[in-house]
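According to full-length UniProt numbering, the sequence shown holds residues 1 to 291 in order.
Misleading hints may appear alongside valid ones.
To be verified - Pairwise CB distance ranges (calculated):
#1 Leu51 <-> Gly276: 33 to 41 angstroms
#2 Pro35 <-> Phe174: 37 to 45 angstroms
#3 Gly54 <-> Asn111: 18 to 26 angstroms
#4 Pro47 <-> Asn86: 16 to 24 angstroms
#5 Leu260 <-> Lys60: 46 to 54 angstroms
It is worth saying that the hints were derived from the structure and are not from the lab.
As the structure is a prediction and not an experimental result, all values here were calculated from the model.
All residues carry an ideal CB built from backbone N, CA and C; glycine is no exception.
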Amino acid sequence: MSKYVPDISTRRWVIISSQRLGRPDDHNGDTTKPPCPFCEGHEHLTPPEELRSGGGEANKKGWKVRVVSNKFAITDTHEVIIHSPNHDKDIDALPLDHVVLILSTYKQRYNLHKKKGQVLIFCNHGEHAGASLIHPHSQLVVIPGQINLETLEREPLNNMIETSKLFNVYCPDFSQWPYEIWITPKKESVVFGDITEEEIKELAETMQQMIKKLLHIYTSQRIPTHRFGFNYYIYHKENWYLRIIPRFVNRAGFELGTGLYVNIVDPVEAALELKGVEKKMIGVLKKLKKY
Numbered sequence: 001m002s003k004y005v006p007d008i009s010t011r012r013w014v015i016i017s018s019q020r021l022g023r024p025d026d027h028n029g030d031t032t033k034p035p036c037p038f039c040e041g042h043e044h045l046t047p048p049e050e051l052r053s054g055g056g057e058a059n060k061k062g063w064k065v066r067v068v069s070n071k072f073a074i075t076d077t078h079e080v081i082i083h084s085p086n087h088d089k090d091i092d093a094l095p096l097d098h099v100v101l102i103l104s105t106y107k108q109r110y111n112l113h114k115k116k117g118q119v120l121i122f123c124n125h126g127e128h129a130g131a132s133l134i135h136p137h138s139q140l141v142v143i144p145g146q147i148n149l150e151t152l153e154r155e156p157l158n159n160m161i162e163t164s165k166l167f168n169v170y171c172p173d174f175s176q177w178p179y180e181i182w183i184t185p186k187k188e189s190v191v192f193g194d195i196t197e198e199e200i201k202e203l204a205e206t207m208q209q210m211i212k213k214l215l216h217i218y219t220s221q222r223i224p225t226h227r228f229g230f231n232y233y234i235y236h237k238e239n240w241y242l243r244i245i246p247r248f249v250n251r252a253g254f255e256l257g258t259g260l261y262v263n264i265v266d267p268v269e270a271a272l273e274l275k276g277v278e279k280k281m282i283g284v285l286k287k288l289k290k291y
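Please build the complete structure, drawing on both the sequences and the hints.
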């Protein structure tokens with residue numbers, strides 16, 4: 001059972017969750033690691049599944065997307081959404097119709113749990129982004145409604161990367177991370193659970209394209225030495241958005257001590273490069289190598 005502890009003066013909260021100590025770790029250098037619990041054929045290593053897409057018998061092979069309870073939960077409702085049986089391929093490399101299936105699973109789980117509290121869906125990809133297991137997966141947590149979350153409300157449209165029939169893609173002026181990307185529906189006053197099948201298909205394509213662009217920046221410039229990592233989450237309230245945060249830099253003492261983020265790449269320039277205007281960005285990208 002998790003415990004919520006408030007800071008009375010700031011209305012911030014901390015979750016005390018000692019069960020997180022037992023999480024597995026694919027990044028500890030141990031050459032005798034146990035088998036991956038998220039791979040096909042290892043279904044017995046996870047809690048019983050809550051949902052599966054694809055064929056096959058429950059808790060056996062044959063699935064395409066699989067949802068199980070998190071054995072090392074942060075909150076009382078905490079699920080793992082396993083993206084595919086493939087141990088290495090994630091959003092950027094999976095077939096587009098499979099990404100649609102992942103987003104459809106997000107919608108189903110969001111709507112199932114929305115009456116319990118605030119439903120946050122998020123993904124940590126890579127060690128640098130906080131993933132303890134390499135196998136691509138997302139997570140869903142439900143947080144009591146009285147807990148004050150510090151997630152940002154939708155930012156104004158500036159520094160557009162592209163616009164489509166249903167979505168706007170941009171780098172907000174208030175970008176806290178280099179090259180962070182926001183994907184927002186053009187439809188106003190709706191929550192993620194209201195997303196239509198048409199929107200899911202377009203969101204899947206847009207999301208996949210943006211992650212590929214970020215991966216291109218990473219690989220072409222060889223910015224850090226660790227594996228490409230990123231986070232994304234879906235805003236849990238009305239006027240939802242999907243925010244993608246590439247982990248090109250670490251946060252240091254200044255940010256931790258002040259709560260102020262230092263972004264070394266101007267969002268205007270980031271949007272230009274993500275549009276494909278690369279020649280203007282050589283000097284900016286070199287800055288990243290120093291961090």
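Hint by hint, here is what the structure shows:
1. Checking the proposed 33 to 41 angstroms range against Leu51 and Gly276 shows it holds: the Cβ atoms sit about 38 angstroms from each other.
2. Between Pro35 and Phe174 the CB atoms are about 43 angstroms apart, so this pair conforms to the stated range of 37 to 45 angstroms.
3. The hint said 18 to 26 angstroms for the Cβ distance between Gly54 and Asn111, and at roughly 20 angstroms that hint holds.
4. Roughly 21 angstroms separates the CB atoms of Pro47 and Asn86, a value that falls within the hinted 16 to 24 angstroms.
5. Distance hint for Leu260 and Lys60: a CB-CB separation of about 50 angstroms, consistent with the stated range 46 to 54 angstroms.
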